[in-house]
Amino acid sequence: MTTSVTTETQSTLLSHVEAINWNRLPDEKDGEVWNRLVNNFWLPEKVPVSNDVQSWATLTEEEKTLTMRVFTGLTLLDTIQGTVGAVALIPHSLTQHEEAVLTNIAFMESVHAKSYSQIFSTLCSTKEIDDAFRWSRENQNLQRKAQIVMDYYHGADGQKKRVASTILESFLFYSGFYLPMHWSSRAKLTNTADIIRLIIRDEAVHGYYIGYKYQRALEQETEERRQELKDYTYELLFELYDNEVQYTHDLYDGVGLAEDVKKFLHYNANKALMNLGYEAMFPSDVTDVNPAILSALSPNADENHDFFSGSGSSYVIGKAVETEDEDWDF
Amino acid sequence: MLTSATLIYFSSVSNNTHRFVEKLRLPEGETARLPLHTRSETLEATEPFVLVLPTYGADGGRGSVPKQVIKFLNVESNRRLLRGVIGAGNTNFHESYCIAGDIVAAKCKVPHLYRFELMGTQEDVSKVHKGLEEFWKQQSSLSAA
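Chains as they are written, first to last, in the working numbering: chain U, 1 to 330; chain F, 1001 to 1145.
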């Protein structure tokens, strides 16, 4: 633990503030993640969403409404994470550098939240936007997931906040992320999908980092407390999962995609657990994400890219990649 | 330091890749972890091996190969004994998913054998376990021919 600003109990007794020294890194992961986040920085204004106007016009009214609702749901989560979640983790930081990284995470979440508004203002009318935001206020399952997470953010247990935060970053977003990947796989709203992919990339680093800090802090805990936190993690995930399934049906039953979305939920729930250092929970027969969705997420994630899995015939050695690494001598 | 391990890997302090390798339950001495810090002396392989390395999601893949792996592969004899690569990563990184594995595979002209996410699922573990067994069988029949 560092002194003065970081310990949980003494913030009110603070007599001085320690200046952060980036030349002494007690945890090198802080520096590594800071650099990664800074290098990945982006703004939605750089993505030409207006190129999606024609594509938007090809969607049915039901598909448009669905898309807007999904995006207001995502906006809500990003709002929570930006102004409450990441900020609530700061007092529990193990290092001063962790505090700094969390301010970066908080800011980027606010960028994410704003980017949905940019998509809306490019594609939709003011009335449609207002209707979608009203829906997000009134949808019970959406409000419930926000409430569950917010309750932990307002609690006193730093470790439980980290768990809730990692589950939000690595699981709760994905019922929403599914849809732009679905459109992208059908060559629709592809610029919008580019924005979502940038958000998805950021969330991976956030979930990884907060999950990592959870594991570091766990090293200081008693065996009994570790067991308590593990049980809590699985319970919270189940509670949120049940709610997420209902939310998924609310949104996607009309277009017949709910079952496909649920596979994507299982797949990401496993990744949330792994970010916290726990074993995956859902077996592979319910995590078989639609290949079109997986390939919209990552074009080289399918089995043809695995020498062990395929016949080998489809495998190409030395696929062209940019190899501009500095310090790469040979 | 010399090592006769057939599976050499890098894992940062997050230990994701380390956990994956542990789950493979390979015999003692069959696996070796590269030093965490580049200032430490790197390993020197004495037997053909497969390299497992993670990708952390850099923009456009620049600087994706961990410096510790670069140091290790800058030793010519290590490159000569490298037979294949296994990549760890996150599909959230889009085209950069496991790109460090792609880069090493392309540079060293060896196959990118498998990709898995974070610390790998049970399915990944059994696929890699079986895949490696078959791969080494293939390799020894190749060198016998």
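Don't read these hints as lab results, they were simulated from the structure. Careful, some of the hints might be misleading.
Stated by the list, open to error - Label pairs and their computed distance ranges (CB to CB): (1) F:Glu1095 to U:Ser284: 39 to 49 Å; (2) F:Ser1040 to U:Gln227: 51 to 61 Å; (3) U:Gln54 to F:Ser1141: 53 to 63 Å; (4) U:Gln54 to F:Ser1040: 51 to 61 Å; (5) F:Glu1133 to U:Asp285: 39 to 49 Å; (6) U:Leu218 to F:Glu1133: 29 to 39 Å; (7) F:Ser1040 to U:Gln220: 21 to 31 Å.
Said to hold, decoys possible - Simulated pairs of lysine-lysine, BS3-like, Cα-Cα distance not exceeding 27 Å: (8) U:Lys114 to U:Lys127; (9) U:Lys262 to F:Lys1127; (10) U:Lys29 to F:Lys1023; (11) F:Lys1137 to F:Lys1107; (12) F:Lys1127 to U:Lys263; (13) F:Lys1109 to U:Lys230; (14) U:Lys263 to F:Lys1023; (15) U:Lys29 to F:Lys1127; (16) F:Lys1067 to F:Lys1137.
We treat Cβ as the ideally placed atom computed from N, Cα and C, and that holds for glycine.
Evaluated hints:
1. Taken as a hint, the range 39 to 49 Å is violated for the pair Glu1095 (chain F) and Ser284 (chain U), whose Cβ atoms sit roughly 25 Å apart.
2. Separation of Ser1040 (chain F) from Gln227 (chain U) is about 35 Å and departs from the stated range, judged on CB atoms against 51 to 61 Å.
3. One distance hint, 53 to 63 Å for the beta-carbon pair Gln54 (chain U) and Ser1141 (chain F), holds here, with the actual separation near 57 Å.
4. Range check, Gln54 (chain U) to Ser1040 (chain F): about 56 Å between beta-carbon atoms, so the 51 to 61 Å window is met.
5. Roughly 24 Å separates the CB atoms of Glu1133 (chain F) and Asp285 (chain U), a value that falls outside the hinted 39 to 49 Å.
6. In this structure, Leu218 (chain U) and Glu1133 (chain F) meet the distance hint of 29 to 39 Å, their C-beta atoms being roughly 34 Å apart.
7. Taking the beta carbon of each, Ser1040 (chain F) and Gln220 (chain U) are about 26 Å apart, inside 21 to 31 Å as hinted.
8. As the CA atoms of Lys114 (chain U) and Lys127 (chain U) are separated by approximately 18 Å, the hinted pair is consistent with the 27 Å bound.
9. Straight-line distance between C-alpha atoms of Lys262 (chain U) and Lys1127 (chain F) comes to about 24 Å, which keeps the hinted pair within the 27 Å bound.
10. Between Lys29 (chain U) and Lys1023 (chain F), the direct Cα distance comes to roughly 24 Å. Compliance with the 27 Å bound is thereby established for this hinted pair.
11. Simply put, Lys1137 (chain F) and Lys1107 (chain F) have alpha-carbon atoms about 24 Å apart, close enough for the 27 Å limit, and the pair holds.
12. For the hint pairing Lys1127 (chain F) with Lys263 (chain U), the CA-to-CA distance comes to about 21 Å; that is within 27 Å, so the pair holds.
13. With a CA separation close to 43 Å, the supplied pair Lys1109 (chain F) and Lys230 (chain U) exceeds the 27 Å bound.
14. A threshold of 27 Å between alpha carbons decides the hint, and for Lys263 (chain U) with Lys1023 (chain F) the separation of about 25 Å falls inside it, so the pair holds.
15. The straight-line distance between the Cα atoms of Lys29 (chain U) and Lys1127 (chain F) is roughly 30 Å, outside the 27 Å bound, and the hint therefore fails.
16. Using a Cα cut-off of 27 Å, the hinted pair Lys1067 (chain F) and Lys1137 (chain F) is violated, with the two alpha carbons roughly 31 Å apart.
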